[in-house]
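Participant: Sequence:
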Amino acid sequence: MTYLLDQLLLHSADAAAAAPALTLADRTQSYADLAATVQRVAKGLVHLGIARGERVAFYLEKRFETVAVAFGAAHAGMAFVPINPLLKPEQVGHILRDCNVRAVVTSPDRLDYIASTLAECPDLRHVVVTGSAAGTPPAGKTLLTWAELVSAREARIHRVIDTDLVAILYTSGSTGMPKGVMLSHRNMVAGAKSVASYLGNRASDTILSALPLSFDAGFSQLTTAFHAGARVVLLNYLVPRDVLDALGKEKVTGFTAVPPLWIQLAQQRWPEGIAGHLRYIANTGGRMPRETLARLRAQLPNTKPFLMYGLTEAFRSTYLPPAEVDRRPDSIGKAIPNAEILVLRADGTPCAPDEPGELVHRGALVGMGYWNDPEKTAERYKPLPVGVGGREAGMVVPEIAVFSGDTVSMDAEGFLYFIGRRDEMIKTSGYRISPTEIEEAVYATKLVGEVAAFGTAHPALGQAIVVIATPPAGGALESDRLIAACRKQLPAYMVPADVQVHAGPLPRNPNGKIDRKSLAAAYADRVASEAG
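One rule links them: number in our numbering = place in the sequence shown (from 1) + 276.
Derived from the structure by calculation, the hints contain no laboratory data.
There is no bait here: all hints are sound.
Keeping only pairs whose Cα atoms sit at most 30 Å apart, straight-line, the calculated BS3-like set for lysine-lysine is:
| id | residue 1 | residue 2 |
| --- | --- | --- |
| 1 | Lys652 | Lys364 |
| 2 | Lys722 | Lys580 |
| 3 | Lys652 | Lys789 |
| 4 | Lys764 | Lys722 |
| 5 | Lys469 | Lys525 |
| 6 | Lys525 | Lys580 |
| 7 | Lys703 | Lys789 |
| 8 | Lys469 | Lys789 |
| 9 | Lys527 | Lys580 |
| 10 | Lys658 | Lys703 |
| 11 | Lys469 | Lys580 |
| 12 | Lys793 | Lys703 |
| 13 | Lys764 | Lys793 |
| 14 | Lys610 | Lys469 |
| 15 | Lys722 | Lys789 |
| 16 | Lys793 | Lys722 |
| 17 | Lys610 | Lys703 |
| 18 | Lys525 | Lys789 |
| 19 | Lys652 | Lys793 |
| 20 | Lys364 | Lys793 |
| 21 | Lys789 | Lys764 |
| 22 | Lys658 | Lys793 |
| 23 | Lys580 | Lys789 |
| 24 | Lys527 | Lys789 |
| 25 | Lys652 | Lys610 |
| 26 | Lys610 | Lys793 |
| 27 | Lys580 | Lys610 |
| 28 | Lys703 | Lys722 |
| 29 | Lys610 | Lys658 |
| 30 | Lys417 | Lys364 |
| 31 | Lys527 | Lys469 |
| 32 | Lys652 | Lys469 |
| 33 | Lys658 | Lys469 |
| 34 | Lys789 | Lys364 |
| 35 | Lys789 | Lys610 |
| 36 | Lys789 | Lys658 |
Since the structure is predicted, the reported quantities are computational estimates derived from the model, not experimental observations.
Could you put the whole structure together from the sequences, leaning on the hints where they help?
Facilitator: Structure (structure tokens):
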């Protein structure tokens with residue numbers, strides 16, 4: 277039986293030692309080699325004196341060492357903290373200080389970039405640098421090379437059970453600094469088994485890892501693959517064409533991405549050969565526009581599309597089976613295996629069919645709360661009310677569920693539909709409008725490349741609807757023409773009051789999602805400056 281995160285990898289290594297586990301550029305590492313490195317990393321971390329449950333961070337692009345650190349820390353009984361390589365020194369320092377990281381693994385160039393920040397992290401004891409030369413250690417820290425960390429030595433790893441903390445994944449922090457979601461071995465193993473079951477992952481699969489490993493869906497590419505004994509291709513892409521090249525070169529069978537990347541990929545011409553081996557594609561991190569999905573399916577007629585929804589706080593939550601995509605293209609599906617999704621009113625009672633309510637996730641994937649933040653934890657992780665989810669009054673030990681803050685509805689057949697995040701809903705003319713609904717209508721005009729909608733303060737309407745959009749590939753965008761097209765599709769209260777044309781790609785948060793909040797803040801600043 278597999279109870280612990282590292283066992284996903286170690287059991288596959290026992291079953292097929294010579295099978296390929298990871299590919300990076302022109303190098304491939306077998307399961308046996310990766311497992312041996314993971315065990316050496318675990319011994320090295322224990323040898324440094326890092327205690328059970330203490331945190332080990334990595335600030336690296338995708339590479340063999342990145343994967344080995346995560347699973348090595350898990351094997352040693354510690355918690356790993358992936359830091360998105362796109363983050364700046366201030367954000368890196370916040371994460372290291374916030375969860376009292378004891379050791380961080382990084383590269384020589386990244387060490388130079390964050391050296392002054394590391395000096396301000398009092399709990400940090402050790403810095404491990406990939407490569408052969410360590411250089412000058414940051415003040416008060418020991419500095420060692422990767423080779424020194426994995427040099428053979430005897431060390432007794434800590435005892436671990438499945439409810440122990442194994443990872444802290446930091447959210448993007450679009451408002452304020454990032455907060456760390458705590459996940460147990462049980463959370464991540466249950467998630468791997470559940471997702472792999474409905475995707476049908478198997479040892480013959482090749483899965484492309486393009487999302488950041490600091491993103492729950494990105495790390496899930498590793499866990500599902502290792503559970504199945506499949507191969508993972510690590511990709512640090514710069515442009516969408518890099519993704520298409522990797523899909524073709526590596527004969528990828530499964531690929532998951534977020535809507536902004538899918539929008540870009542849908543505008544590319546896909547090499548014909550990819551359609552012959554790409555068994556499935558999956559979307560997460562927001563709703564994929566219908567127009568984008570239609571373009572992808574036209575180029576990939578034999579590829580199954582899985583439309584998914586997930587919460588970092590519960591790792592994964594729902595998926596729409598490919599057989600339902602034509603009938604319910606706007607649905608986020610039903611709960612993944614071994615999870616239950618409820619739609620509840622503010623008073624905790626279940627909503628009627630098609631009645632909007634809050635999405636609540638219960639089951640084995642529910643995380644352990646936010647690190648060192650009881651207030652925010654209490655807002656999201658709450659006891660499940662009596663009378664829902666099988667809870668009876670006689671069950672006196674509370675069950676904690678994740679109250680997502682997302683507004684959804686569930687139809688009479690149990691399929692869920694995303695409406696919007698409570699803090700992003702646009703309130704105009706007495707209506708509550710989801711920005712994704714407006715964005716969907718804008719994409720349907722085929723006049724834009726990317727789009728983001730948000731509300732801005734208005735003295736009469738409450739909020740006015742603003743759209744920021746990029747021109748379509750190889751074309752131009754006229755604001756008046758887009759507004760006229762929206763009037764044909766939307767009721768008057770949903771028509772954008774202002775359309776701004778954005779010359780380059782829309783800004784993303786570190787997980788690759790379009791950052792509505794930064795666009796809204798920049799727009800408000802520009803309006804205030806022009807008024808002043």
